[in-house]
Amino acid sequence: MSESLAQVAAYLGGLAVYLRNLGAEVPEPLLERYDTGEIGFAVTAELPGPTDPKPTVITAQEIWNPAAAGRFERAEYGYDLIDYPANRRRAFHMHDVPAYLARLGVTAHEHCEEVLGKPTCDHYLGLPVYTGYEGLNALLAAWSDPGPLGCAGLRCAR
Amino acid sequence: MQDKQFLSPNDIASELSVSASTVLRLIHEQRLPAIRVSERIYRIPVAAFEKYKAGALESPSPARMSPEIKKRPSIGAGEPPPEVGESAEVVARVRSA
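As they're listed, the protein sequences go chains A and B.
Just so you know, the numbering used here puts 130 at position 71 of the first sequence, and the rest follows in order with no gaps.
Just so you know, the numbering used here puts 373 at position 29 of the second sequence, and the rest follows in order with no gaps.
Don't read these hints as lab results, they were simulated from the structure.
For every residue, glycine included, the Cβ atom is placed at its ideal position computed from N, Cα and C.
Don't take each hint at face value.
Covered stretches of chain B, as calculated for chain A (at least 3 residues, CB under 8 Å) [what the hints assert, rightly or not]:
{"hint": "1", "segment": "366-380"}
{"hint": "2", "segment": "383-393"}
{"hint": "3", "segment": "402-410"}
The calculated lysine to aspartate or glutamate pairs, modelled on EDC-like cross-linking and capped at a C-alpha distance of 16 Å, are [unchecked claim]:
{"hint": "4", "chain 1": "A", "residue 1": "177", "chain 2": "B", "residue 2": "355"}
{"hint": "5", "chain 1": "B", "residue 1": "415", "chain 2": "A", "residue 2": "139"}
{"hint": "6", "chain 1": "B", "residue 1": "348", "chain 2": "A", "residue 2": "97"}
{"hint": "7", "chain 1": "B", "residue 1": "414", "chain 2": "A", "residue 2": "94"}
{"hint": "8", "chain 1": "B", "residue 1": "395", "chain 2": "A", "residue 2": "97"}
{"hint": "9", "chain 1": "B", "residue 1": "414", "chain 2": "A", "residue 2": "84"}
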């Protein structure tokens, strides 16, 4: 689905406020224009709660390709949660699509580390995440659950 | 409540002296920020509830456009795709399961 520049700017502003209203510290988001003609953003927020050894960090990064008539389509994303106090990581990614399609037959993949920095699998097979809200909410749901992330239940792609 | 990081709709209902269904309505109307864990489970960060009680929730506004043109970033930088993968048939079976 394609969106106008104004719609992408409103969407990005909405994502930042969504996180802020959940108590996160979020810098003012900026919609960026790249030398390729694409647009995109990276929003990094610190989540409320324990800060030892560091606060939990959540990041939403997207790149939108130009489509017809001044509109843009979301082409790549990375939604990442690094839960330093619980020492774990979860992420949903879609990037380098032709390479992943050729090698794994999927466009999206996931990361899951029950122990931060010690993944038992480099890439898990993933299904596309359709909006930033969906990706962030899934990461926040993992963050709010003190139990295991459930990495063992995912399908390792290699 | 002070030791908790997250609250349930029932916790909020007790705090506000309203019913749990009223709290769920506030969540569905996006007047109370909440994390949707599943179809029927929501968790509310204490920090979000404090903002709600203080009337400090923000309304969305469009992001500003950066004035400069930047080099395109690489999402997943330093994370090359796997060299060897499963066959497309295996992946198709997983996706359809």
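The hints, checked one at a time:
With 3 residues having a beta carbon nearer than 8 Å to a beta carbon of chain A, the segment 366-380 of chain B meets the requirement of three or more and the stated coverage holds. Check result for the segment 383-393 of chain B against chain A: holds, 5 residues qualifying (beta carbon to beta carbon below 8 Å, three or more required). By the rule of at least three residues with a Cβ nearer than 8 Å to a Cβ of chain A, the coverage given for the segment 402-410 of chain B holds, with 9 such residues. Proposed proximity of residue 177 (chain A) and residue 355 (chain B) is contradicted: the alpha carbons are some 36 Å apart, above 16 Å.
In summary, the hint linking residue 415 (chain B) to residue 139 (chain A) is not supported, as the alpha carbons are separated by about 22 Å, beyond the 16 Å threshold. Distance hint between residue 348 (chain B) and residue 97 (chain A) is unfulfilled; the C-alpha atoms sit about 43 Å from each other, more than 16 Å. At roughly 6 Å between alpha-carbon atoms, residue 414 (chain B) and residue 94 (chain A) fall within 16 Å of each other, so this suggested pair holds. Under the criterion of a C-alpha separation no larger than 16 Å, the hint pairing residue 395 (chain B) with residue 97 (chain A) is inconsistent with the structure, at around 36 Å.
Restraint check for residue 414 (chain B) and residue 84 (chain A): the C-alpha separation of about 25 Å exceeds 16 Å, so the hint is violated.
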